[in-house]
Amino acid sequence: MSYKDKVKTDLFPTIWCPGCGIGLIMTQLAMVMDDLGLDRTNTVMVTGIGCTGRMGAYMQFDSVYTLHGRTLPVAEAIATVRPELNVIVVSGDGDMTSIGGNHLLHAIRRNPRITVLCNNNEIYGLTGGQTGPTTPVGTKTVSSPAGATFSPVNLQGLVNTNGNAFYAKTTVYHQGQMRRAIKEAIEWPGFAFVDITSQCIENNGRRIGFPSANEMLNYYRKEYRQAPPGSTQLANHQLGIVKGRAAEPKAEPAGAGAGKGSGEA
Amino acid sequence: MAKRLLQGNEAVLLGAVKAGATYFAGYPISPSSEVLMAASVYAASHPELRFLQAEDEIASANAIIGASLAGAKSFTATSGPGFSLMQEAIGYAHKLGVPTVFVDVQRVGPATGMPTMPGQGDILQTRYGSSGDYTSIVFYPSTVAECYEYTIRAFNCAEESRSPVVLLSDAFLGHLNEVVDLDAIRVPVVERTLEPLASGHTRLFSGVATYPDGEPATADADEFIRQYEEAKARRLEVSERYAFHEYGWNKDADTLVIAFGITRRIAQPLAPHFALFRPIRIWPVLQDELREIAPRYRRIVVIEGSDGQYASVVERVLYRDVYRVPLLGGRMSLEAVREGLDRIGLLPAELAEAAV
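Chains as they are written, first to last, in my numbering: chain E, 5 to 269; chain H, 7 to 362.
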């Protein structure tokens, strides 16, 4: 078996723009799935609306392409009815933290065993590049011509309101670190959130001064740093994994080792 | 089992359990909360029923869709504003073809309205509440025993039609206590029709228009129409087996009363003077039955807890005017029915005298 067996390569090329970061996430997710033995009998994907939501259609699993913002209630119900399954949510930042914000708040509180991969490109890409809940203050977008007004939502802070939850920060440039974060997130016995900074070159990057996706990746390489070992809180532009107290495993997941969580970053 | 005293909302829960429901999600809202509370109590001693008190009705509606895809017969119960919040998800369930049951215990709207007072103002919302075209199947019982029976039938019909089915109730019926013998109500249960998630396939359950292989079909009218017509045909065909209604009272009278849900019970004293048609299947509208029965009567009066929602549907189906007796503001009583009939000059003398 190869990680390529997790992907419907016959549907390539994808609808994603050249230079988009989503494919880099899909590749690492496929590799982790291969490592952990995730297949179409033990794993379900749940995706949101936006460019990111298309990922479910490209992978060799049963996949639920939900309404905008509604991944988490659907995913949590699947995990409740079928606790033996690995439920992988892939969603954009707008979908997950704006229109789906209330569900995020309460999924964190209830701590179901689901894995969330949040493609955080700091913009509403599919609809043309409007400012989103994760857009940095001052960023000029097609809906914030004078620069975004409000501070981005504090995802780490939100996730950490539950002491049992798992939060990881990574970027699509840091492929190895992203892969470790996705792997540990899937193995985590409760709610796991992987916050993946990625580039939307066509509907954001070029407008804010990046000539190409390559420059955006280089920017991530220069700006982001690994957090010191043992960090329990990640500073801005720090990469790392912050794990809560290990929750009791709710069920033994097929194909993935649950209950391996530790209290260390 | 012996007869027992049972509330309409509790009968819904027992009907769901009888139908094989194993997942409930809901959010507290009057006058439907007894369904949620009864579900939580039942689940505490029957772990096969999974229970979620969700953060809102949007989450509840999407959760029962996810649960159904995962293999559970699922349902929720709500009212008024909660049912409005669920409309997006109902459209999604129609698009996916997911069997599940939405219970709407109607109160007086719009908005927060009159939370504990009965209404029947969601008749058109159950048909047209979500965006786009879809084919709704809706039942509306009139007694506590029927709350039990038609909840089972709603689950059966959801499975057969592969669509979300709505069971209507109202604040009056939901809170009504009646003596019932549930064992005397025997409805065969339809087994699960949808193969659960992770059965070895690579299916895409998409709210977006897609081809069977998962590729976007967002600009292909032919593919859209093909999928739409297929879903519509299935729902219409299945609903034909669920064409429940009641035709009775004084069939030789010259005026036909149309009433449903609790309104039919309230109007019972009219029986000697009027014929009665009671649709139990509210949607798809019982067009053939109405067209067969209506020509026998000079006048038709629709008595309902809204300002003519069902009356407008009857007029459209029959191509003729009907009289309306709207029972508004929660005033769902025989007195209000008498006043309404008097206003349009159709109150029988015997009933007018009885009122004095």
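Some hints here could point you the wrong way.
Residues from chain E that keep clear of chain H, each with C-beta distances beyond 10 angstroms, as calculated [claimed, not checked]:
| no. | residue |
| --- | --- |
| 1 | LYS12 |
| 2 | ARG58 |
| 3 | TYR62 |
| 4 | PHE65 |
| 5 | ASP66 |
| 6 | TYR69 |
| 7 | THR70 |
| 8 | SER155 |
| 9 | ASN222 |
Subject to a maximum C-alpha distance of 20 angstroms in a straight line, what follows is the list of computed DMTMM-like cross-link-like pairs (lysine to aspartate or glutamate) [what the hints assert, rightly or not]:
| no. | chain 1 | residue 1 | chain 2 | residue 2 |
| --- | --- | --- | --- | --- |
| 10 | H | LYS24 | H | GLU197 |
| 11 | E | LYS12 | H | GLU221 |
| 12 | H | LYS257 | H | GLU356 |
| 13 | E | LYS187 | E | ASP38 |
| 14 | E | LYS12 | H | ASP219 |
| 15 | E | LYS187 | E | ASP14 |
| 16 | H | LYS9 | H | ASP219 |
| 17 | H | LYS238 | H | ASP139 |
| 18 | E | LYS8 | H | GLU197 |
| 19 | E | LYS144 | E | GLU88 |
| 20 | E | LYS8 | H | ASP187 |
| 21 | E | LYS226 | E | GLU191 |
A few chain H positions that, by computed beta-carbon distances, are all more than 12 angstroms from chain E [stated by the list, open to error]:
| no. | residue |
| --- | --- |
| 22 | PHE57 |
| 23 | ALA67 |
| 24 | ASN68 |
| 25 | LEU102 |
| 26 | ALA117 |
| 27 | MET120 |
| 28 | GLY346 |
Bear in mind the hints are in silico, worked out from the structure with no lab data behind them.
All C-beta atoms in this analysis are idealised placements derived from N, C-alpha and C, irrespective of residue type, glycine included.
Evaluation of the provided hints:
1. Non-interface status of E:LYS12 relative to chain H is broken: a Cβ of that chain comes within 10 angstroms, the nearest being about 7 angstroms off.
2. The claim that E:ARG58 is not at the interface with chain H is violated, since a C-beta of that chain comes within 10 angstroms of its own (minimum 8 angstroms).
3. With a closest Cβ-Cβ approach of about 8 angstroms to chain H, E:TYR62 is found to fall inside the 10 angstroms limit, against its non-interface label.
4. Remark: the non-interface label on E:PHE65 conflicts with the geometry, its nearest Cβ contact in chain H lying 6 angstroms away (cut-off 10 angstroms).
5. Not every C-beta of chain H lies more than 10 angstroms from that of E:ASP66, the closest at about 5 angstroms, which undercuts listing it as non-interface.
6. The non-interface label for E:TYR69 is inconsistent with chain H: the shortest C-beta to C-beta separation is roughly 4 angstroms, within 10 angstroms.
7. In this structure E:THR70 is not separated from chain H by more than 10 angstroms, as the shortest Cβ-Cβ distance comes to only about 7 angstroms.
8. With a least beta-carbon separation of about 24 angstroms from chain H, E:SER155 lies farther than 10 angstroms from that chain, consistent with its non-interface assignment.
9. Once the 10 angstroms rule is applied to beta carbons, E:ASN222 is consistent with being away from chain H; the minimum gap is 32 angstroms.
10. Annotation: proposed proximity of H:LYS24 to H:GLU197 holds, straight-line Cα distance about 12 angstroms (limit 20 angstroms).
11. The straight-line distance between the Cα atoms of E:LYS12 and H:GLU221 is roughly 11 angstroms, inside the 20 angstroms bound, and the hint therefore holds.
12. This hinted pair checks out: H:LYS257 and H:GLU356 have alpha carbons roughly 18 angstroms apart, not beyond 20 angstroms.
13. The straight-line distance between the Cα atoms of E:LYS187 and E:ASP38 is roughly 10 angstroms, inside the 20 angstroms bound, and the hint therefore holds.
14. Taking the CA atoms of E:LYS12 and H:ASP219, the gap is near 10 angstroms; set against the 20 angstroms cutoff, the hint holds.
15. For the proposed pair E:LYS187 and E:ASP14, the alpha carbon gap of about 26 angstroms is over 20 angstroms, so the pair is violated.
16. Restraint check: the Cα-Cα separation between H:LYS9 and H:ASP219 comes to about 53 angstroms, which exceeds 20 angstroms; the hinted pair is violated.
17. A C-alpha spacing of about 9 angstroms is found between H:LYS238 and H:ASP139, which places the hinted pair at or below 20 angstroms, so the restraint holds.
18. Taking the CA atoms of E:LYS8 and H:GLU197, the gap is near 37 angstroms; set against the 20 angstroms cutoff, the hint is violated.
19. Under the criterion of a C-alpha separation no larger than 20 angstroms, the hint pairing E:LYS144 with E:GLU88 is inconsistent with the structure, at around 45 angstroms.
20. A threshold of 20 angstroms between alpha carbons decides the hint, and for E:LYS8 with H:ASP187 the separation of about 59 angstroms lies outside it, so the pair is violated.
21. With a C-alpha separation of about 30 angstroms, the suggested pair E:LYS226 and E:GLU191 falls outside the 20 angstroms cut-off, and the hint is violated.
22. For H:PHE57, the requirement that its beta carbon stay farther than 12 angstroms from each beta carbon of chain E is not met, with the minimum near 9 angstroms.
23. Non-interface status of H:ALA67 relative to chain E is broken: a Cβ of that chain comes within 12 angstroms, the nearest being about 8 angstroms off.
24. In this structure H:ASN68 is not separated from chain E by more than 12 angstroms, as the shortest Cβ-Cβ distance comes to only about 4 angstroms.
25. Distance check on H:LEU102: its Cβ comes as close as 8 angstroms (rounded) to a Cβ of chain E, failing to clear the 12 angstroms threshold; non-interface status is violated.
26. Annotated as non-interface, H:ALA117 keeps its C-beta farther than 12 angstroms from every C-beta of chain E; the closest such distance is 20 angstroms.
27. Every Cβ of chain E is farther than 12 angstroms from the Cβ of H:MET120; the closest lies at roughly 26 angstroms, confirming the non-interface assignment.
28. Look at H:GLY346: its CB is around 41 angstroms from the nearest CB on chain E, clear of 12 angstroms, so calling it non-interface holds up.
The structure fails hints 1, 2, 3, 4, 5, 6, 7, 15, 16, 18, 19, 20, 21, 22, 23, 24 and 25 (numbered hints given earlier, in ascending order).
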